[in-house]
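So the sequences go chain by chain: F and D.
Residue numbering for the first sequence follows numbering that gives the first Met the number 0, beginning at 0 and increasing consecutively.
Residue numbering for the second sequence follows numbering that gives the first Met the number 0, beginning at 0 and increasing consecutively.
Note that these hints are calculated values from the structure, not bench results.
Hints are supplied without guarantee of correctness; some may be wrong.
As the list claims (entries may be wrong) - With a cut-off of at most 30 Å between alpha-carbon atoms, the simulated DSS-like pairs for lysine-lysine come out as follows: (1) F:K271 to D:K357; (2) F:K111 to F:K10; (3) D:K10 to F:K357; (4) F:K209 to D:K274; (5) D:K274 to F:K274; (6) F:K274 to D:K209; (7) D:K111 to F:K209; (8) D:K168 to D:K139; (9) D:K271 to F:K209; (10) D:K35 to D:K390; (11) D:K136 to D:K10; (12) F:K10 to F:K35; (13) F:K139 to F:K168; (14) F:K271 to D:K168; (15) D:K271 to F:K357; (16) F:K111 to D:K166; (17) D:K139 to D:K5; (18) F:K136 to F:K111.
Protein chains: 2
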Amino acid sequence: MNEHIKQHFSKEKIHHLEQLSSLLRIASISALSAHKEDMTNAANWMADALTEACLEHVALMPTKGNPVVYADYLHAPEKPTILVYGHYDVQPVDPLELWDNDPFEPTICDGKIYARGASDDKGQVFMHIKAIEALLKTTKQLPVNVKFCIEGEEEIGSPHLPEFVDKQKDLLAADILLISDTTMLGPDAPAICYGLRGLCALQIDVQAAKSDLHSGLYGGAVPNALHALVELLASLHTADGAVAVKSFYDDVIPLTSNEREALAVLPHNDAKYQKQLELPALFGESGYSTVERYMARPTLELNGVYGGFQGEGTKTVIPARAHAKITCRLVNNQDPIHILDLIEEHVRMHTPVGVTTKVTRYDTGRPFVTRFDSPAIQSAATAYEVGFGVKPFYMRMGGSIPIVEVFDRILHIPVVLMGFGLPDENFHAPNEHFSLENFDKGLRTLVYYYEHLETV
Amino acid sequence: MNEHIKQHFSKEKIHHLEQLSSLLRIASISALSAHKEDMTNAANWMADALTEACLEHVALMPTKGNPVVYADYLHAPEKPTILVYGHYDVQPVDPLELWDNDPFEPTICDGKIYARGASDDKGQVFMHIKAIEALLKTTKQLPVNVKFCIEGEEEIGSPHLPEFVDKQKDLLAADILLISDTTMLGPDAPAICYGLRGLCALQIDVQAAKSDLHSGLYGGAVPNALHALVELLASLHTADGAVAVKSFYDDVIPLTSNEREALAVLPHNDAKYQKQLELPALFGESGYSTVERYMARPTLELNGVYGGFQGEGTKTVIPARAHAKITCRLVNNQDPIHILDLIEEHVRMHTPVGVTTKVTRYDTGRPFVTRFDSPAIQSAATAYEVGFGVKPFYMRMGGSIPIVEVFDRILHIPVVLMGFGLPDENFHAPNEHFSLENFDKGLRTLVYYYEHLETV
């Protein structure tokens, strides 16, 4: 990285934090319709930042949901074009009482910036904009071509992006898709992710009597929606931690011994992991290591269960309704729609006497695995080495970015997942934060990547 | 009932409805601390109504919780003294969206008054005050002595009343305890309740990791508080509907064949009951009839279960915490404290790997059974026959009024449970209501009871 860029970053540091804070103040929660205006504000914020960074053709492009923010800078003929994908929406913040600070009032403490979206994904998108801005403002040129595609529905499963990408495939055409929405393995362990889990989501609603009933007058003689729900939900797993839905694992490609060896060398320590999470014990599917469990094995997870009284004290009620929100993480070659079919059949077969069940399907995303010996990915490895001073690991990641599979399928270009988050930064949880050290190192890494990709 | 009283009730009818409505407008939810002021307002309302009814020594008597409203009229020496117990507090109203009207804006429709507390217990307490008022205002005297003891914590298990009754046992001394907080068997089927189930309540809190985790980054490798909770809760019942807690039934006095025969003649029809509740099937402990199940068998009921995301759409989170609220209905000779010990031991033994559980105990109440051949109860039977034109049934009731057992134990007097509610009036549920026809018939019944108890 040349001196001008170094000086630029030093000079801009406080300004960067102020700008990032103004973005993090926008409560762009895509899952909650009450935040519709915040979605527009966040999209406009992104457009303004891209304009300020000297990018061109900045536009809010409508979808049937929240708009996609597009921008490009295409003045390096014969050079590769990088499509940068990110998202400006964030996860909901409840339980709010577990946040040490307002999730939308960014707070800096111990070298970390705390706010919803700090690491997932506003902070990381912001780095890309600032890396490009630094190159354009100090060198007046860009050694590659770039396009930005920043969406506002990633946290609800990108329901409208597949249609958008398909319709705009000429506009989005590129040589490489670059995404920073994943994590490294630790502060000194950058990692390139070559696989992601897929996702499917559903809700189960149980209905017993027409209304809640008094537990004294009716208790013992009528079905209780919560009894039925917990019985049904308990049937979804076996005692040894596997998913008990029939045929759930049928399409899973077993891990090869080579891959198991590769995952085994990743820096991970069960005892440390358990201690860090303050868990009395680890628990997961038997026959697999912790790393295998969260990177390369499918899951069925209860994300929310609710029914009946939740207030202070007690209420002697027999709930008429009970609900469960479920997501599965899937691996190749599980098909999310087929998995939803299997779960729906399981629910049908295991519905207890005296209640009815309804299954509502939400978003789905296919799992994804790419080759990690492509030039685009090897180039990213070199950039990480320059930025962080160590060679990166190659890993799979347990999370899902369904859009990765969509881009892969529609645009047919290599996908480079270059994450700067850390595993303990509370993605989707209270007190989400982002390391300011990784912000600095990440900027260096990205500038190097943009500068040197021309050699690919 | 003499003509003056009849005319009085006719003349006062609209005024009664206005007064009852003003009481029902007070949101005196004892379970929620935000309603503290409403509790005071409801207590004051009761005191004013007792004063207006010409009762004496009207007082709000402090407890460590909500005050007890006391009043008396003791001008019939040599005549028996009736202690009337009721409560001015009500259940919470959630889920609010299932109410057709504001629960605290009384609405009259099809001969029923709809509001939280309409039948449980404000409407029924109101009848007692109006019956006494009618006698005092038309005849200027009362053929018996009465004392009122109206508390404000019945819906949270009367935590402070035992101490109050014990301290005030001289003030409360009486020959009969009269309570209208139960239901009849149907519109033309008045019933005298000679037994009540006991109660114990607890909350289970499950804690997994120190905070919620991303289901992609961690899913499969860490315990999920909801998985653990549903597994634990499912273990509390057997597949045939019995409670699976070890030794739970050990102290239950089995139903005698005589008692089973008596319960079998009560007007009940399984098909009608199921249809009325809009249930796909009835479900309960095998080996017992529906009536036995809800009147005379113990239960363990999930009143509330919650953890994780409950908003719109999905959230890919592994919840760190999950909660269950549980109450048991108990029968003689189960001891509520001992039952809580057994459940706590069950939770300890069945806590899944990777989580910790905490049990919080709430209120308890012992079960109660009385002799139904006492003069006080036979007198009540006659009053019902006059008021409703049919002989009442003798029944046990599945609900719990823990204070009944307390009065029984401390004051050693017969307890007469003379209910005017109907089983489908949604006690503790949305759209609670009270039959205005039963209000009228109940007033006649009570006036007759107060007038003729002197013959006992």
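Against the structure, the hints come out as follows:
1. Distance check on the hinted pair: F:K271 and D:K357 sit about 25 Å apart at the alpha-carbon level, within 30 Å; holds.
2. Distance check on the hinted pair: F:K111 and F:K10 sit about 20 Å apart at the alpha-carbon level, within 30 Å; holds.
3. For the given pair, D:K10 sits about 53 Å from F:K357 by alpha-carbon distance, which is inconsistent with the 30 Å threshold.
4. Among the hinted pairs, F:K209 with D:K274 is consistent with the structure: their alpha-carbon atoms are about 10 Å apart, no more than 30 Å.
5. For the given pair, D:K274 sits about 54 Å from F:K274 by alpha-carbon distance, which is inconsistent with the 30 Å threshold.
6. Distance check on the hinted pair: F:K274 and D:K209 sit about 10 Å apart at the alpha-carbon level, within 30 Å; holds.
7. Among the hinted pairs, D:K111 with F:K209 is consistent with the structure: their alpha-carbon atoms are about 19 Å apart, no more than 30 Å.
8. Of the pairs offered as hints, the one joining D:K168 and D:K139 holds, with about 29 Å between alpha carbons and a cut-off of 30 Å not exceeded.
9. For a cut-off of 30 Å, the pair hint linking D:K271 to F:K209 stands: about 14 Å separates their Cα positions.
10. A distance of roughly 42 Å separates the Cα atoms of D:K35 and D:K390; the hinted pair therefore is violated under the 30 Å criterion.
11. Restraint check for D:K136 and D:K10: the C-alpha separation of about 13 Å stays at or below 30 Å, so the hint holds.
12. Taking the CA atoms of F:K10 and F:K35, the gap is near 35 Å; set against the 30 Å cutoff, the hint is violated.
13. Taking the CA atoms of F:K139 and F:K168, the gap is about 29 Å. The hint holds against a cut of 30 Å.
14. For a cut-off of 30 Å, the pair hint linking F:K271 to D:K168 is broken: about 62 Å separates their Cα positions.
15. As the CA atoms of D:K271 and F:K357 are separated by approximately 25 Å, the hinted pair is consistent with the 30 Å bound.
16. Of the pairs offered as hints, the one joining F:K111 and D:K166 is violated, with about 59 Å between alpha carbons and a cut-off of 30 Å exceeded.
17. Using a Cα cut-off of 30 Å, the hinted pair D:K139 and D:K5 holds, with the two alpha carbons roughly 15 Å apart.
18. Between F:K136 and F:K111 the CA atoms are separated by roughly 27 Å; this keeps the pair inside 30 Å, and the hint holds.
Violated hints, in rising order: 3, 5, 10, 12, 14 and 16; the structure is consistent with all others.
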